[in-house]
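In order, the protein sequence lines correspond to chains A and B.
Going from the first sequence to the working numbering is simple: count from 1 and add 1028.
Going from the second sequence to the working numbering is simple: count from 1 and add 1028.
A portion of the hints provided could be inaccurate.
Identical chains blur together in the list; that is why a pair holds if it fits in one copy or across any two.
[As the list claims (entries may be wrong)] Pairs of lysine to any residue residues, derived as SDA-like cross-links and limited to a Cα-Cα distance of at most 20 angstroms, are as follows:
#1 K1086 to L1412
#2 K1272 to R1247
#3 K1086 to H1398
#4 K1400 to S1430
#5 K1160 to E1403
#6 K1400 to Q1103
Quick caveat, the hints were computed from the structure, so don't treat them as lab data.
There are 2 protein chains.
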Amino acid sequence: MTSPLSPLAPAAFPNLPAVAGVVPHVARARYKTWDRCDLTFVALDAGTTVAGVTTTSKCPSPEVEWCRQALTLGQARALVVNAGNANAFTGHRGRAAVEAIAARAAVHLGCQPSDVFVASTGVIGVPLPIDKAEAGLDAAFAAAECSWEEAAVAISTTDTFPKGAVTTAIVDGRTVTLTGIIKGSGMIAPDMATMLGFIFTDAAVSPAFLQTALAEANRASFSCITVDSDTSTSDTVLAFATGKAGNAPLSGDDDAGADAFRAALSDLCLQLAHLVVRDGEGATKFIEIAVTGAESDRSAHRIALSIANSPLVKTAIAGEDANWGRVVMAVGKAGEPAERDSLAIRFGDTLVAREGLVVAGYDEAPVAAHLKGSEIEIGVDLGLGDGKATVWTCDLTHGYISINADYRS
Amino acid sequence: MTSPLSPLAPAAFPNLPAVAGVVPHVARARYKTWDRCDLTFVALDAGTTVAGVTTTSKCPSPEVEWCRQALTLGQARALVVNAGNANAFTGHRGRAAVEAIAARAAVHLGCQPSDVFVASTGVIGVPLPIDKAEAGLDAAFAAAECSWEEAAVAISTTDTFPKGAVTTAIVDGRTVTLTGIIKGSGMIAPDMATMLGFIFTDAAVSPAFLQTALAEANRASFSCITVDSDTSTSDTVLAFATGKAGNAPLSGDDDAGADAFRAALSDLCLQLAHLVVRDGEGATKFIEIAVTGAESDRSAHRIALSIANSPLVKTAIAGEDANWGRVVMAVGKAGEPAERDSLAIRFGDTLVAREGLVVAGYDEAPVAAHLKGSEIEIGVDLGLGDGKATVWTCDLTHGYISINADYRS
Chain A
1029 MTSPLSPLAP
1039 AAFPNLPAVA
1049 GVVPHVARAR
1059 YKTWDRCDLT
1069 FVALDAGTTV
1079 AGVTTTSKCP
1089 SPEVEWCRQA
1099 LTLGQARALV
1109 VNAGNANAFT
1119 GHRGRAAVEA
1129 IAARAAVHLG
1139 CQPSDVFVAS
1149 TGVIGVPLPI
1159 DKAEAGLDAA
1169 FAAAECSWEE
1179 AAVAISTTDT
1189 FPKGAVTTAI
1199 VDGRTVTLTG
1209 IIKGSGMIAP
1219 DMATMLGFIF
1229 TDAAVSPAFL
1239 QTALAEANRA
1249 SFSCITVDSD
1259 TSTSDTVLAF
1269 ATGKAGNAPL
1279 SGDDDAGADA
1289 FRAALSDLCL
1299 QLAHLVVRDG
1309 EGATKFIEIA
1319 VTGAESDRSA
1329 HRIALSIANS
1339 PLVKTAIAGE
1349 DANWGRVVMA
1359 VGKAGEPAER
1369 DSLAIRFGDT
1379 LVAREGLVVA
1389 GYDEAPVAAH
1399 LKGSEIEIGV
1409 DLGLGDGKAT
1419 VWTCDLTHGY
1429 ISINADYRS
Chain B
1029 MTSPLSPLAP
1039 AAFPNLPAVA
1049 GVVPHVARAR
1059 YKTWDRCDLT
1069 FVALDAGTTV
1079 AGVTTTSKCP
1089 SPEVEWCRQA
1099 LTLGQARALV
1109 VNAGNANAFT
1119 GHRGRAAVEA
1129 IAARAAVHLG
1139 CQPSDVFVAS
1149 TGVIGVPLPI
1159 DKAEAGLDAA
1169 FAAAECSWEE
1179 AAVAISTTDT
1189 FPKGAVTTAI
1199 VDGRTVTLTG
1209 IIKGSGMIAP
1219 DMATMLGFIF
1229 TDAAVSPAFL
1239 QTALAEANRA
1249 SFSCITVDSD
1259 TSTSDTVLAF
1269 ATGKAGNAPL
1279 SGDDDAGADA
1289 FRAALSDLCL
1299 QLAHLVVRDG
1309 EGATKFIEIA
1319 VTGAESDRSA
1329 HRIALSIANS
1339 PLVKTAIAGE
1349 DANWGRVVMA
1359 VGKAGEPAER
1369 DSLAIRFGDT
1379 LVAREGLVVA
1389 GYDEAPVAAH
1399 LKGSEIEIGV
1409 DLGLGDGKAT
1419 VWTCDLTHGY
1429 ISINADYRS
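Next up, chain A with everything else stripped away, as it sits in the complex (with noise of 0.2 angstroms):
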């Protein structure tokens, strides 16, 4: 973690427990000229469920390809996350690497390359070195038990610190506990900000209620954040549950505890998006954009990235400058319904604008007081009908620039 922490860090890396029948370890792969761990290995016990979401880009990494295929299998027994080299843009080696990490992990295990997950982030077009991965990989699987924040880090580029976050559910009249980290948006040139995020839980859970569970988490977490609007070529989130909680498996919406497991699955993407945010390149602010009166969920959401995706609304928020007028702009723009007479905005509780007017005696005052701090709120009623959506975003700033243009590869 070389660059300055960011400014919305939390005070301290949060006690992960351990999760029954999930052993993380970690060793030195030395993807890059760095003395630091970089590959992760996850030993998970026989019988682990998995589910994952991936990234929408249509140049995915061989990493995201092999995982899509081995998802369709539903079961895991190890995970291999790779850092400083996302193996992305190198055509067959890069599938090779892939292949020859999944097979190695597989002998150690005992079981078949399809139960193994890579993952892989940093440099983009060179092939991930075939001989630093296995002696990364033999190293790992000899090194003791890791901690969860030593396994934050080992997943990490450029984050400016770890990231991971706890909690916990009652299902079928017992505890479990999902755990997970995330590596985010920090990169340097050539790198790119690939979110990986890994999720485990003792519950027992089906592959197929895994997937809907991840996938309904996923909407309102990962795909409601945006630091620049890019969109990586290696973006995964994998889940994986072990069962040794010795839950009925949950399986279905009518299982005893689903609710309350779907809940906390939602609840701990919806943690580590917010993290991912708060690292987000040159942040200082972290912005919430609540859009409400949509004529759908779908239509709040497309206007809510519009905003977060707007340069002139993310540098106005650097500016601490109640800028309505750039959010007006980055609702007229999304392309969804909207009427600018209807159209009501408000930052943090004070309403700026509403009926196409700035509201009558606005006063600024508790406004400019808002966007001093570092927890900016955004909202705009479009006045249409009841579809409503939250987004989260960071500033765009001096910071920015500096990480990915001040530069030469």
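We have chain A; now place chain B onto it with these hints.
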């Protein structure tokens, strides 16, 4: 023009000839506390036809709504442009201001208010002061004819240089002139990057054919430029044809000179569009992005804009970094058909990657040399079909952040 001159500015304002039937004037309406002309009044002889394209924003300014309505009649006697106040998001008071301006100009000229076209750019959310507009209009009407350069300056807000272009065509055996002025993407919070472009020709052209030709020209020019992906509530391009050249009026593709006129209009629009990019906020590089081999032209256009709008691509160019991985990322996130393993990418004339891999023996030296210049070319071939498109943008620099964030309204 108070900001430092864009390093991409042309050496001088071009020598623009008068256009028969068009008389520009400027005056000080003092929409802001500045001592400069900020109201432009262009008188047009009777018989002038008009066509226009306006913003796709769902929250357009009252000026845009007024022009859309007036365009349905196809005739024009005057253009009024206000700089310093966009009059957008101002509700009924904004509409009243536009109506008052059109009525006042109509009295001066003895025409209908619907013959008067109005455009405004500047601060948002503040109704245009009718008294200042009327006094300014009276002053402009009383003033002597001004030069095109004076008009180009008067329509500007935070542009760092005035923008104009000229071309000619042979139509029906006569040389017709097409002259244009435009203001673009300089902005200061809480102002917005409104693009206002005005084209004047002495050719005789039916409103319908003028609209067809302008729409075609727009598709390959103004619709192919982006500075920061944000869309103004006020973007407007209007074309006026006085008919003073005496050619048989152009009304269809089979008329003599129709092709020449269309080509000239397209050329003029492209010149004007490029000038807007060259004054992009903080721009230090003019970037051409050419996409070929897509499944369709539309698909190519969307992919090209995805690259042009990517903050990571734009910061890489600012940093003179041959970061083709970010181009792959931007192709992938466009959501259009793309195959990683058939993708080829070049910077300048140098092929960097093809068939899913960096080219064998890749030498970055010529690419680095190309990126040190101020005119950058990125080529992407998808290897899928015949679809192609070219768009233009600028880099994303500290200058953009300074202009848009280092400010408190």
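Checking an output row: K1400 and S1430, CA cutoff 20 angstroms. Within, between, both or neither? For K1400 and S1430, only the inter-copy Cα distance (18 angstroms) is at most 20 angstroms; the intra-copy one is 23 angstroms.
Please sort K1160 with E1403 into within, between, both or neither, judging by C-alpha distance up to 20 angstroms. Result: close neither inside a copy nor across copies, 42 angstroms intra and 40 angstroms inter.
Up to 20 angstroms CA-CA - Q1103 versus K1400, copy category: neither (48 angstroms within a copy, 51 angstroms between copies)
Intra- versus inter-subunit Cα pairing at 20 angstroms for K1086 with H1398: Neither, since 40 angstroms and 28 angstroms both go past 20 angstroms.
Up to 20 angstroms CA-CA - L1412 versus K1086, copy category: This pair counts as between: shortest inter-copy Cα distance 13 angstroms, intra-copy 34 angstroms.
From the Cα coordinates, with 20 angstroms as the cut-off, is the pair K1272 and R1247 best called within, between, both, or neither? Result: close neither inside a copy nor across copies, 28 angstroms intra and 60 angstroms inter.
Checked against the numbered hints above, the structure breaks hints 2, 3, 5, 6 and satisfies the rest.
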